[in-house]
Amino acid sequence: MIAIGDLLTDQPVLGNYFAPDAYLTGDFESGLIENRRGDRLLALPETLIQGIYAGLDQELGSASGIVLFNCGRWWGKNFYARFAEEISEYYHKSLAEMEMVELIQCLKQCWKTHGWGTFNLELDYYQQGFLVVQNYNSPFAEAAPSGDRPVCFLEAGILSAFFSQLTGKQLHCVQTSCESLGADCNYFILGLAERLKAVEGWLSENQDHQTIIERLKVSKAAH
Amino acid sequence: MNSNFQSLLYDAEERYLKSGEIDALKSYTTSLSQRLETYEILRDKEIAIFQPIANQLSASFQGQQPDLERSLRNWLAVLRYCAIAMLQNNFEFLERRLLEWLTDIVRVHQVQAIDSDLYNVLQKQISSMLTAKQYSLLQPFLAQAAARLVPDVATLSK
Chain A
91 MIAIGDLLTD QPVLGNYFAP DAYLTGDFES GLIENRRGDR LLALPETLIQ GIYAGLDQEL
151 GSASGIVLFN CGRWWGKNFY ARFAEEISEY YHKSLAEMEM VELIQCLKQC WKTHGWGTFN
211 LELDYYQQGF LVVQNYNSPF AEAAPSGDRP VCFLEAGILS AFFSQLTGKQ LHCVQTSCES
271 LGADCNYFIL GLAERLKAVE GWLSENQDHQ TIIERLKVSK AAH
Chain B
1088 MNSNFQSLLY DAEERYLKSG EIDALKSYTT SLSQRLETYE ILRDKEIAIF QPIANQLSAS
1148 FQGQQPDLER SLRNWLAVLR YCAIAMLQNN FEFLERRLLE WLTDIVRVHQ VQAIDSDLYN
1208 VLQKQISSML TAKQYSLLQP FLAQAAARLV PDVATLSK
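Going down the list, the protein sequences come from chains A and B. The numbers in our numbering rise by one with no breaks, and the one at position 34 of the first sequence is 124. The numbers in our numbering rise by one with no breaks, and the one at position 4 of the second sequence is 1091.
Rather than coming from a laboratory, the hints here were simulated on the basis of the structure. There could be a bad hint or two in this list.
[To be verified] Below are the EDC-like pairs computed for lysine to aspartate or glutamate, each with C-alpha atoms no more than 20 Å apart in a straight line:
1. B:K1211 x B:E1127
2. A:K202 x B:D1191
3. A:K202 x B:E1127
For reference, chain A alone in the conformation it holds in the complex (with noise of 0.2 Å):
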């Protein structure tokens, strides 16, 4: 028998704690985009993302992608602490609480709201030991340089950082197709870092992101 009155007494569920409505406010008066918590945002000006890569570019040549990936890597330290902080308070249970499909859910949610493109997680390729990632609209993609290599570097290092602290093992990310290249969406597979060495080698014979992902799959397959 189950009793409405305990369900209710029960946590209720709760909807998208990262609805743009109700995420995103300001502190008007004193000139501050917020979060729903009062954490500072800011928001960073398209010339001021192509500035970067053209600072870096200017300075640090082929090294300027080594360094955005650990920028990102700082990034995405920080951002797991902080989006963990955020949901447990608001959901009133921890990440390990959680399901997957809500932990998902929500960094689906928060990636899109924060204006980094529309995410999306493939669990395929899961037993093989690869998570892959796939994001439409990158803000980074679209600001970058053209050249003949994906360039999301930054995001790469939030996503290397953000899922080694979920999954408690070093993972390495490398992006297999971009926007800037022409793509339909910009593509990262997650894995250990020495099953991903090969990857490079395949880019620079310009192999698409599905044959990279079978390519790795029989690599597993012989190990």
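Use these hints to put chain B onto chain A, whose structure you have.
Chain B alone, transformed into the frame defined by chain A:
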């Protein structure tokens, strides 16, 4: 606030509102007392609405108590969000605050059979507790939720 009204108020900074625009505002404000009444009934009768549903579905889905409890919790939230969306006459509120969030979660749990039955009984329960006018204010929001959460039933009842 209803986003249409929000944009009307922005327009009103540049010019006075046209008669048609004022009529839309009037129709909403005159319906507001009915919307509030409907909201209060749903709030006060939350248990009365859902307990018979829980009893009926417990019999139909024996051995699936955890799934049934989860579905009941979800639909308690759906009705609560529909009620507040109805109060504001704001479909976008329901979509952004709940449906965009809940749809994937519900799909993963694969409880379509429970949710479909639950929605069918819920409609009957609510319509028996509200007047036709009150139900007509709420129904479009229930239908919006059903279209996302129980698409098969929503298509059939069209």
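Against the structure, the hints come out as follows:
1. Under the criterion of a C-alpha separation no larger than 20 Å, the hint pairing K1211 (chain B) with E1127 (chain B) is consistent with the structure, at around 19 Å.
2. Between K202 (chain A) and D1191 (chain B) the CA atoms are separated by roughly 16 Å; this keeps the pair inside 20 Å, and the hint holds.
3. Proposed proximity of K202 (chain A) and E1127 (chain B) is contradicted: the alpha carbons are some 34 Å apart, above 20 Å.
The structure is inconsistent with hint 3 alone, although it conforms to all the rest.
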